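**Q** So the protein sequences, as listed, match chains L and D. For the first sequence, the residue numbers in numbering that gives the first Met the number 0 are 0 to 399. For the second sequence, the residue numbers in numbering that gives the first Met the number 0 are 0 to 145.
One or more hints might be untrue.
[Stated by the list, open to error] Here are the simulated distance ranges between beta carbons:
# : chain 1 : residue 1 : chain 2 : residue 2 : range
1 : L       : Ala36     : D       : Asp5      : 41 to 51 Å
2 : D       : Pro23     : L       : Glu232    : 51 to 61 Å
3 : L       : Gln122    : D       : Pro23     : 26 to 36 Å
[As the list claims (entries may be wrong)] Sample of chain D residues lacking proximity to chain L, with all beta carbon distances greater than 10 Å (derived):
# : residue
4 : Gly39
5 : Gly62
6 : His116
7 : Arg121
Hints listed in this document are in silico derivations from the structure and should not be mistaken for laboratory results. Computed from a predicted model, the values in this text were never measured in an experiment. For each residue, glycine too, the CB sits at the ideal point set by N, CA and C.
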Amino acid sequence: MLSHSDQFPAVASGLAGTYLDNAATTQIAASVLARMAAFETAGRANVKRGIYPLAIQATQAFEGARAAVARYLGAGDSNEVVFTSGATAAVNLVAHGFGAGLAAGDEIIVGEGEHHANIVPWQMLRDRAGVVLKVLPVDDRGYPRIDALAGLITERTRLIAVTHASNVTGAVTDVAAICDMARAKGVRVLVDGAQMAAHGAVDVTALGCDFYVVTGHKMFGPTGVGVLWARAEVLDAMAPFMGGGEMIRRVTFEETTYAPPPHRFEAGTPPVTQAIGLGAAADMLLATDWPEVRSREWNLLGGLMDVLDARDRVTVIGPGADDRRLPILSFTVAGAHPHDLCELMGARGVALRGGHHCAQPLMDRFGVEATTRASLALYNTPADVDAFSDALDHALTVLS
Amino acid sequence: MSGTDDLYDARIKQLAARTAGLGPLEHAHCRHEADNFLCGDRVTVEVELDGGAVKRVGGRVRGCLLVQAAAALIGETAPGLDRAAAMDGIRHARALMADGTPATGAWEGLNAFTPAHGLKHRHDCVLLPFEALEACLGGISGAQPR
Ligand SMILES: Cc1ncc(COP(=O)(O)O)c(C=O)c1O
Numbered sequence: 000m001l002s003h004s005d006q007f008p009a010v011a012s013g014l015a016g017t018y019l020d021n022a023a024t025t026q027i028a029a030s031v032l033a034r035m036a037a038f039e040t041a042g043r044a045n046v047k048r049g050i051y052p053l054a055i056q057a058t059q060a061f062e063g064a065r066a067a068v069a070r071y072l073g074a075g076d077s078n079e080v081v082f083t084s085g086a087t088a089a090v091n092l093v094a095h096g097f098g099a100g101l102a103a104g105d106e107i108i109v110g111e112g113e114h115h116a117n118i119v120p121w122q123m124l125r126d127r128a129g130v131v132l133k134v135l136p137v138d139d140r141g142y143p144r145i146d147a148l149a150g151l152i153t154e155r156t157r158l159i160a161v162t163h164a165s166n167v168t169g170a171v172t173d174v175a176a177i178c179d180m181a182r183a184k185g186v187r188v189l190v191d192g193a194q195m196a197a198h199g200a201v202d203v204t205a206l207g208c209d210f211y212v213v214t215g216h217k218m219f220g221p222t223g224v225g226v227l228w229a230r231a232e233v234l235d236a237m238a239p240f241m242g243g244g245e246m247i248r249r250v251t252f253e254e255t256t257y258a259p260p261p262h263r264f265e266a267g268t269p270p271v272t273q274a275i276g277l278g279a280a281a282d283m284l285l286a287t288d289w290p291e292v293r294s295r296e297w298n299l300l301g302g303l304m305d306v307l308d309a310r311d312r313v314t315v316i317g318p319g320a321d322d323r324r325l326p327i328l329s330f331t332v333a334g335a336h337p338h339d340l341c342e343l344m345g346a347r348g349v350a351l352r353g354g355h356h357c358a359q360p361l362m363d364r365f366g367v368e369a370t371t372r373a374s375l376a377l378y379n380t381p382a383d384v385d386a387f388s389d390a391l392d393h394a395l396t397v398l399s
Numbered sequence: 000m001s002g003t004d005d006l007y008d009a010r011i012k013q014l015a016a017r018t019a020g021l022g023p024l025e026h027a028h029c030r031h032e033a034d035n036f037l038c039g040d041r042v043t044v045e046v047e048l049d050g051g052a053v054k055r056v057g058g059r060v061r062g063c064l065l066v067q068a069a070a071a072l073i074g075e076t077a078p079g080l081d082r083a084a085a086m087d088g089i090r091h092a093r094a095l096m097a098d099g100t101p102a103t104g105a106w107e108g109l110n111a112f113t114p115a116h117g118l119k120h121r122h123d124c125v126l127l128p129f130e131a132l133e134a135c136l137g138g139i140s141g142a143q144p145r
């Protein structure tokens, strides 16, 4: 059997170096590249309407990808899966489509720890439609404070938008608990699964949410594609966001009627190749031995935390090693700015990310301007932890 | 040493360590906040004038070592210069970053940033405080046009 790193060309070749920036973008899997190449070289045609063999085959490949993603997300029906250009586009689609049904004074609760992709679209909706935004605070470890939720939900609450896992701290939200509370009050829940999806199959049905968004490039697939999953009845009731071809039933100059979901939300030619790649990524992830991967990721995370614990000046932000979390680790170093650390460690072949991670409200919550972040994926190895440790020592020496 | 290590040499680190000396000014004639939207670094520059010349520079820096060092250099170099000469700092800084042209005259201290010339992704760090200074002084009526 191939090791995990063998399945990722840039990892196997060593060209990705010590790649610890997986929360930004994971490396692409060989199986994904192969399926995209096969489509482009032997199966390329537009999808959905063509009735010659190549087009029929292309449509089948595209719809097959939809079904694979549906399986990975635990969706009851693949028609609940809408292809978008990414997680950001998926949230914006909901903000427009679901948002169109909201009235001034309706309320949306947004987590304090969200990525800007799950904040800004709601602010834009607030500015368009007079919707009121409320913030669900996070605790000192970065977890949404579910105890504060009951006090925030009112008769006017229509939606709770919360991340499944923080791209900064790795904290995993107890989404099922939020959904239970929301359902009892008739409130919809949107979950940002951008980070979660790279760490094991999701079960949207068990979570009980209404919307779930993921993005291809963070789950070993290509860039330029993502998914909005939404419960069938929610999608049925939702207005389209973009208009154009492939999303209509009938167009006259007087009136247009729309296609049923998911096509209603996929105006124009979709990112066919990328969707097929994402389907291949979902297949790969479905075939992955997650208990084995998780225990390895867990050990490596422990290794990174030990490295940080052993250094003076270092503060880890977020949950502890034994908390419900992903292997995404943020830290600060007294007297060393994250960009300088990342520059120095990057020059030693260690890819990290420093900055606000598109989560400025969370930075404010923790009273920091920026953090340095190391994030693991299934192909990382103990050698990566050693390289991280050496590069960190070097950077701390230079910056002392 | 790599080019990156050169960047963090003693001169830059010593400059950066002096950023703390900037602080807010009580009688600033102008104030400008500049930020790098990509990385979130933010610099506020305040200038107190004495006639046509810069008397004091103050402000606040939230950013990496290069942003800090460049802001500190401004704080130490601009006082005593007339507005035009102070605003000229950005021209020297841009030339040094763009093609390694050494800075001369009052802004010679900028040459400490020569290693950053080869690191294009860090040019904006060095330039950010200079952009704030230029906008700050340029915003005062009667100042040299930019
Ligand atoms: C938690 C989270 N949500 C949303 C996004 C946005 O994903 P994309 O840029 O692929 O749309 C990201 C990406 O950084 C993320 O980490």
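**Q** Would you mind marking each hint as holding or not holding in the structure?
**A** A quick look at each hint next to the structure:
Checking the proposed 41 to 51 Å range against Ala36/L and Asp5/D shows it holds: the Cβ atoms sit about 42 Å from each other. For Pro23/D paired with Glu232/L, a C-beta distance near 57 Å keeps the hint of 51 to 61 Å intact. Taken as a hint, the range 26 to 36 Å holds for the pair Gln122/L and Pro23/D, whose Cβ atoms sit roughly 30 Å apart. With a least beta-carbon separation of about 5 Å from chain L, Gly39/D fails to lie farther than 10 Å from that chain, contradicting its non-interface assignment.
The claim that Gly62/D is not at the interface with chain L is violated, since a C-beta of that chain comes within 10 Å of its own (minimum 7 Å). Listed as a non-interface residue, His116/D keeps its Cβ farther than 10 Å from every Cβ of chain L; the least gap is roughly 15 Å. Distance check on Arg121/D: its Cβ comes as close as 7 Å (rounded) to a Cβ of chain L, failing to clear the 10 Å threshold; non-interface status is violated.
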